[in-house]
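Make a model of the complete structure from these sequences and hints.
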Amino acid sequence: MSDENTGAPDFVRIPIFQRILDNPFILLFIGVVVPAVFYIIWGIMEIVTIPIAP
Amino acid sequence: MSAIQPPAETVWWKQPLDRVEGAWISIALLWSLIMFIMMPLWHVYGKQNLSNEAYRTTPQAFLAKTQAMVDAYTVRTETETRLPVVHPPPGSDVYLLGRLWQWWPLLELERGQTYRLHISSMDWQHGFSLQPVNINTQILPGYEMVLTITPDTGDEQTVICNEYCGLGHHNMTGKIYITEGAP
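If you're matching them up, the sequences are chains A and B in order. The opening residue of the first sequence carries number 2 in the numbering used here; numbering runs sequentially from there. The opening residue of the second sequence carries number 4 in the numbering used here; numbering runs sequentially from there.
Think of the hints as simulated: they come from the structure by calculation, not from any bench. Even for Gly, the Cβ is constructed at its ideal location relative to N, Cα and C. Any given hint might turn out to be false.
Simulated restraints, written as ranges between beta carbons of each label pair [to be verified]:
#1 A/17 x B/64: 47 to 57 Å
#2 B/56 x A/27: 33 to 43 Å
#3 A/31 x B/183: 51 to 61 Å
Here are the computed lysine to any residue pairs in the SDA-like style, where the Cα-Cα straight-line distance is at most 25 Å [as the list claims (entries may be wrong)]:
#4 B/50 x A/47
#5 B/17 x A/19
#6 B/68 x A/16
#7 B/68 x A/48
#8 B/68 x A/54
#9 B/68 x B/17
#10 B/50 x B/133
#11 B/68 x B/78
#12 B/68 x B/93
#13 B/68 x A/51
#14 B/68 x A/18
#15 B/68 x A/49
#16 B/50 x A/48
#17 B/17 x A/18
#18 B/68 x B/105
#19 B/17 x A/14
#20 B/50 x A/44
#21 B/178 x B/72
#22 B/17 x A/28
#23 B/178 x B/146
#24 B/17 x A/16
#25 B/178 x B/70
#26 B/178 x B/167
#27 B/68 x B/50
#28 B/178 x B/17
#29 B/17 x A/21
#30 B/17 x A/53
#31 B/17 x A/24
Here you go:
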């Protein structure tokens, strides 16, 4: 049995957004992948699909 | 509470938003939305950020198309260097090339008529800038930029280069004459 006077309870449900914002590696992943996809990948896709001049 | 110590509660997510922080977030969000809306608004009402077309080409291919237009529609030459002045038919494709250090050829377009202006570079990056109407686009070799234009103001527009391209960049100019009708 847990004793509330000596420490935290055995189980507490952490909200998903708190888990994301508290994890520096998830934040690092998002900070690299999101700009890489929206700027680099999308930009390269736009450039390679430029049509040939008639 | 301190920024370098863990939050007082394990589940800090549920802590109510502070009024000042909430006000800051609202102001920042509002300003972000204003700047986002300004992009399409300025595209339409500011007549900037052109809806131009772009195609892949080569300097040789583009030079050939430009030369063909010059051969067919030259009406006179100007200056001692005999720069051709070209009067293409209204509604047609007009070709303008940028190279170190000139915009070639000079163009003579009819007022109120619409043309498809194709621009490309023979060597490296230049900045096509039509003044005083202030139409600007970057020009790169290997890419053909197409602007749909209808000359309606003034008698002469000057093309300058506004992307530094070397020692003669400041002399890199061209002309678009606007006439009332056929030559």
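Going through the hints against the structure:
1. Under the hint 47 to 57 Å, the C-beta atoms of residue 17 of chain A and residue 64 of chain B, about 55 Å apart, fit the expected range.
2. Distance hint check for residue 56 of chain B and residue 27 of chain A: the Cβ-Cβ separation is about 41 Å, which falls inside the suggested range of 33 to 43 Å.
3. About 60 Å separates the C-beta atoms of residue 31 of chain A and residue 183 of chain B, a value consistent with the hinted range of 51 to 61 Å.
4. Annotation: proposed proximity of residue 50 of chain B to residue 47 of chain A holds, straight-line Cα distance about 23 Å (limit 25 Å).
5. Among the hinted pairs, residue 17 of chain B with residue 19 of chain A is consistent with the structure: their alpha-carbon atoms are about 9 Å apart, no more than 25 Å.
6. Our distance criterion of 25 Å between C-alpha atoms is broken by residue 68 of chain B and residue 16 of chain A, whose separation comes to about 63 Å.
7. Proposed proximity of residue 68 of chain B and residue 48 of chain A is supported: the alpha carbons are some 23 Å apart, at most 25 Å.
8. Pair hint residue 68 of chain B plus residue 54 of chain A holds up; C-alpha atoms about 11 Å apart against a cutoff of 25 Å.
9. A distance of roughly 67 Å separates the Cα atoms of residue 68 of chain B and residue 17 of chain B; the hinted pair therefore is violated under the 25 Å criterion.
10. Simply put, residue 50 of chain B and residue 133 of chain B have alpha-carbon atoms about 13 Å apart, close enough for the 25 Å limit, and the pair holds.
11. A C-alpha spacing of about 18 Å is found between residue 68 of chain B and residue 78 of chain B, which places the hinted pair at or below 25 Å, so the restraint holds.
12. As the CA atoms of residue 68 of chain B and residue 93 of chain B are separated by approximately 17 Å, the hinted pair is consistent with the 25 Å bound.
13. Under the criterion of a C-alpha separation no larger than 25 Å, the hint pairing residue 68 of chain B with residue 51 of chain A is consistent with the structure, at around 19 Å.
14. Proposed proximity of residue 68 of chain B and residue 18 of chain A is contradicted: the alpha carbons are some 58 Å apart, above 25 Å.
15. Only pairs whose Cα atoms come within 25 Å are accepted, and residue 68 of chain B paired with residue 49 of chain A is accepted, the gap being roughly 23 Å.
16. A threshold of 25 Å between alpha carbons decides the hint, and for residue 50 of chain B with residue 48 of chain A the separation of about 24 Å falls inside it, so the pair holds.
17. Between residue 17 of chain B and residue 18 of chain A the alpha-carbon distance is near 11 Å, which keeps this suggested pair within the 25 Å criterion.
18. For a cut-off of 25 Å, the pair hint linking residue 68 of chain B to residue 105 of chain B stands: about 17 Å separates their Cα positions.
19. At roughly 12 Å between alpha-carbon atoms, residue 17 of chain B and residue 14 of chain A fall within 25 Å of each other, so this suggested pair holds.
20. Between residue 50 of chain B and residue 44 of chain A, the direct Cα distance comes to roughly 24 Å. Compliance with the 25 Å bound is thereby established for this hinted pair.
21. Note on residue 178 of chain B and residue 72 of chain B: the hinted pairing holds, with a Cα-Cα distance of about 16 Å set against a maximum of 25 Å.
22. Straight-line distance between C-alpha atoms of residue 17 of chain B and residue 28 of chain A comes to about 20 Å, which keeps the hinted pair within the 25 Å bound.
23. Straight-line distance between C-alpha atoms of residue 178 of chain B and residue 146 of chain B comes to about 22 Å, which keeps the hinted pair within the 25 Å bound.
24. For the hint pairing residue 17 of chain B with residue 16 of chain A, the CA-to-CA distance comes to about 9 Å; that is within 25 Å, so the pair holds.
25. Restraint check for residue 178 of chain B and residue 70 of chain B: the C-alpha separation of about 17 Å stays at or below 25 Å, so the hint holds.
26. The straight-line distance between the Cα atoms of residue 178 of chain B and residue 167 of chain B is roughly 19 Å, inside the 25 Å bound, and the hint therefore holds.
27. Of the pairs offered as hints, the one joining residue 68 of chain B and residue 50 of chain B is violated, with about 29 Å between alpha carbons and a cut-off of 25 Å exceeded.
28. The straight-line distance between the Cα atoms of residue 178 of chain B and residue 17 of chain B is roughly 66 Å, outside the 25 Å bound, and the hint therefore fails.
29. Distance check on the hinted pair: residue 17 of chain B and residue 21 of chain A sit about 15 Å apart at the alpha-carbon level, within 25 Å; holds.
30. Of the supplied pair hints, the one linking residue 17 of chain B and residue 53 of chain A is violated, its CA atoms being roughly 56 Å apart against a limit of 25 Å.
31. Under the criterion of a C-alpha separation no larger than 25 Å, the hint pairing residue 17 of chain B with residue 24 of chain A is consistent with the structure, at around 17 Å.
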